[in-house]
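Peer 1: Here is what each chain is made of, one letter per residue.
2 protein chains.
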Amino acid sequence: MTPAVHAAANLIGPHLAAVDDLFAAELRSDLPHVNALVTHVGRFRGKMLRPMLVLLSGLAAAPARPSPEEPDNHAAASPLSPPHITLATVVEMVHMATLVHDDILDDADVRRKGATINHLHGNEAAVLLGDFLISHAYHLCSSLRSNPNGQDYSRLIAHTTNVVCEGELTQNVNRRNWKLTEQTYFDIIYRKTAILTETCCRLGAMASTSHRFAVEALATYGKKVGLAFQIVDDILDICGSQKAVGKSLGTDIEKGKLTLPMIHFLKHAAPQHRALLIDLLESAEHDRIERVRQLISPSSSITYARRHAENLIAEALAALGTLPASSASAALAEMAHFVTARDR
Amino acid sequence: MTPAVHAAANLIGPHLAAVDDLFAAELRSDLPHVNALVTHVGRFRGKMLRPMLVLLSGLAAAPARPSPEEPDNHAAASPLSPPHITLATVVEMVHMATLVHDDILDDADVRRKGATINHLHGNEAAVLLGDFLISHAYHLCSSLRSNPNGQDYSRLIAHTTNVVCEGELTQNVNRRNWKLTEQTYFDIIYRKTAILTETCCRLGAMASTSHRFAVEALATYGKKVGLAFQIVDDILDICGSQKAVGKSLGTDIEKGKLTLPMIHFLKHAAPQHRALLIDLLESAEHDRIERVRQLISPSSSITYARRHAENLIAEALAALGTLPASSASAALAEMAHFVTARDR
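From first to last, the protein sequence lines stand for chains A and B. For the first sequence, the residue numbers in our numbering are 1 to 344. For the second sequence, the residue numbers in our numbering are 1001 to 1344.
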């Protein structure tokens, strides 16, 4: 955890602990073998970025409170409510489910420096565990009534997972499509990644306020941060060190999934370099992944993608800037900076 | 479709057509490749047993209406409401999702006489399509408010899928466990199969009446029918002809999943036959599945399992018998008989 994320986590520390507790309570089973799998997958729980987005958005959108210095009021009480905790737990569970199923799609062996479920227990257990997590996410979510404005949290979450699945299906059908456009790439990463971070911020805000403006500003922030996050993830798949990142790398190359640096490279690199990249992507040689990484890492295509991510972060910060200043919005700003600064 | 099921379908024909329409409308995507997969999976839609259970239970639980002969009333109007249609569509979608993921777990190539998604498009597409179906099931379900008595349909459906996943996980962890007991077998088939048919009947009844007695009687019927259905499915995996059944057979044997006939055989057959069964289950010979089927098919273990199913059907009919007679309950009785009579 970077200092920035650490500071944000401090602001919402007790609530994150409550999310942890609810996560464990929701998944507890009377079957020991189910608990064993759940415990293992619990180790993948890393930065809790998505619950943090819900909680910090909830704080940032909450109506201004009297100063805590004023005596005789309950200003010290958090504006975060039980629905915030539930929603934060639901999105974390949805995210964990997508990780478990993603690792099957990617044949990944390593996740957060531990063995993946598919690697340890086979694809069968991984399919089922992902289903179990998503089922419990909806189950937990159905414990919530609509918010006071009648907007339905369950409907929004289910809509979000619909779109995530479409994004993954689009990515899957475009494997080994060397003509993938930037436009389709952005459509894919919006659907598979950014809509969930957008929804996190929207849910947190919705549970705090009925002011449409604040909800939309935070949703925009969440969307832009999610897009930038995925671009950086795709850069790390090419340039990162597996030791630092802690998960299988080169899987985009291995699975024939073009990402922003590769798309740029195929359009703008010298012709012989473009031809070499296609040859390597199509080859079956054992060192092809490493050779693709060595070909693209030093190129301007990485710079191009990184600049894209930085621009998105600037847009995210601009959206945040339309809200009243608060420690929560400062923490969200720090989280945005962290997205492009991270090496893992 | 047998005559019995055909008669039942006639009674609820227009509503089943509405389920078909809602199923297609809910899954329609702006992405052509998603629609193509959904169309393919639509071909697996067979008997629509689960929507029929919802609709017929809805009719069977509805308060008695004035006779249709009486003039000047709207007795001809069906007591089935839009929530019945939605619930029937949701359970069909949940069922389709489990079929798609089951076919991955079973490495099955054939389903309803067509190629499975995993066989045609790979495991990746099958994982994602199953996720897409389950996501849309919850999405559609979240369009429903609670019923007039405040019972939450979404919560019950999510609880049901939680338990289904636990059943599948328990089955998976017990693969190649030759000491599996009847008790664990029944726990597995209740969780993976019978809870969904139980929930179908419960949902249909809940949407029609607040009378707890009728709801519980229909839930009992659904549970017993589901247990019997699974036992017959497990018998067909051993004794059925793939041509008649229309899906890959022998998968229980191939995957080391003990079913009721095998459990009985391992406990009651002559010692040399028991030893032979274990040898075959553990062997890697290409004809082992056929040899297991030939070993068990003529044995009393099949009779034993079939009698178990018949007893469950008798219990289902007894539960039905506590309700007022109606054409809907007659149709449910015929469906129960069909479960043990079927050869596919």
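Hints are computed from structural coordinates only; laboratory data are not their basis. Note that the structure is predicted; figures quoted are calculated from it, not measured. Hints may be right or wrong, so weigh each one.
Said to hold, decoys possible - Pair by pair, the computed Cβ-Cβ distance ranges are:
| id | chain 1 | residue 1 | chain 2 | residue 2 | range |
| --- | --- | --- | --- | --- | --- |
| 1 | A | R43 | B | S1297 | 53 to 61 Å |
| 2 | A | S283 | B | N1035 | 55 to 63 Å |
| 3 | B | E1290 | A | A244 | 49 to 57 Å |
| 4 | A | N35 | B | E1216 | 24 to 32 Å |
| 5 | A | R274 | B | Q1294 | 58 to 66 Å |
| 6 | A | R145 | B | D1030 | 53 to 61 Å |
| 7 | A | G256 | B | R1274 | 43 to 51 Å |
| 8 | A | R28 | B | E1216 | 39 to 47 Å |
| 9 | A | G256 | B | S1283 | 35 to 43 Å |
Said to hold, decoys possible - Residues of chain A clear of chain B, computed beta-carbon distances all greater than 12 Å:
| id | residue |
| --- | --- |
| 10 | L11 |
| 11 | G13 |
| 12 | A24 |
| 13 | D30 |
| 14 | P82 |
| 15 | L128 |
| 16 | R145 |
| 17 | H286 |
| 18 | Q294 |
| 19 | G321 |
| 20 | T340 |
All C-beta atoms in this analysis are idealised placements derived from N, C-alpha and C, irrespective of residue type, glycine included.
Peer 1: Confirm or reject the statement that R145/A sits farther than 12 Å, beta carbon to beta carbon, from all of chain B.
Peer 2: For R145/A, whose nearest Cβ neighbour in chain B is about 9 Å away, the distance does not exceed 12 Å, so it is violated.
Peer 1: Take the C-beta atom of R274/A and the C-beta atom of Q1294/B, compute their distance, and say whether it sits inside 58 to 66 Å.
Peer 2: Holds - the Cβ-Cβ distance for R274/A and Q1294/B, about 60 Å, lies within 58 to 66 Å.
Peer 1: Classify the label on H286/A as holds or violated, using whether its beta-carbon is more than 12 Å from each beta-carbon of chain B.
Peer 2: At roughly 23 Å from the nearest Cβ of chain B, H286/A sits farther out than 12 Å, so the non-interface label holds.
Peer 1: May I ask you to test the hint 49 to 57 Å on the CB atoms belonging to E1290/B and A244/A?
Peer 2: 53 Å Cβ-Cβ, so the 49 to 57 Å window holds.
Peer 1: Verify this label for me: P82/A is non-interface relative to chain B, using a Cβ-Cβ cutoff of 12 Å.
Peer 2: Holds: least Cβ distance 17 Å, greater than 12 Å.
Peer 1: Just double-check G321/A for me: nearest Cβ-Cβ distance to chain B has to come out over 12 Å.
Peer 2: At roughly 33 Å from the nearest Cβ of chain B, G321/A sits farther out than 12 Å, so the non-interface label holds.
Peer 1: Regarding the assertion that A24/A does not contact chain B, is the least Cβ-Cβ distance greater than 12 Å?
Peer 2: At about 15 Å from chain B, A24/A clears the 12 Å cut-off, so the statement holds.
Peer 1: Quick check: does the Cβ-Cβ distance between G256/A and S1283/B fall within 35 to 43 Å?
Peer 2: 38 Å, holds
Peer 1: Would you assess whether L128/A, listed as outside the interface, keeps its beta-carbon beyond 12 Å of every beta-carbon in chain B?
Peer 2: L128/A is in fact no farther than 12 Å from some Cβ atom of chain B, at 5 Å.
Peer 1: Range hint 55 to 63 Å: satisfied by the CB atoms of S283/A and N1035/B?
Peer 2: 34 Å, violated
Peer 1: Starting from the range 53 to 61 Å, see whether the pair R145/A and D1030/B falls in it by beta-carbon distance.
Peer 2: The hint (53 to 61 Å, Cβ to Cβ) is violated, given that R145/A and D1030/B are roughly 31 Å apart.
Peer 1: Is 53 to 61 Å respected by the C-beta to C-beta distance linking R43/A and S1297/B?
Peer 2: With a Cβ separation near 46 Å, R43/A and S1297/B fall outside 53 to 61 Å, so the hint is violated.
When the structure is compared with the earlier hints, violations turn up for hints 1, 2, 6, 8, 13, 15 and 16 and for no others.
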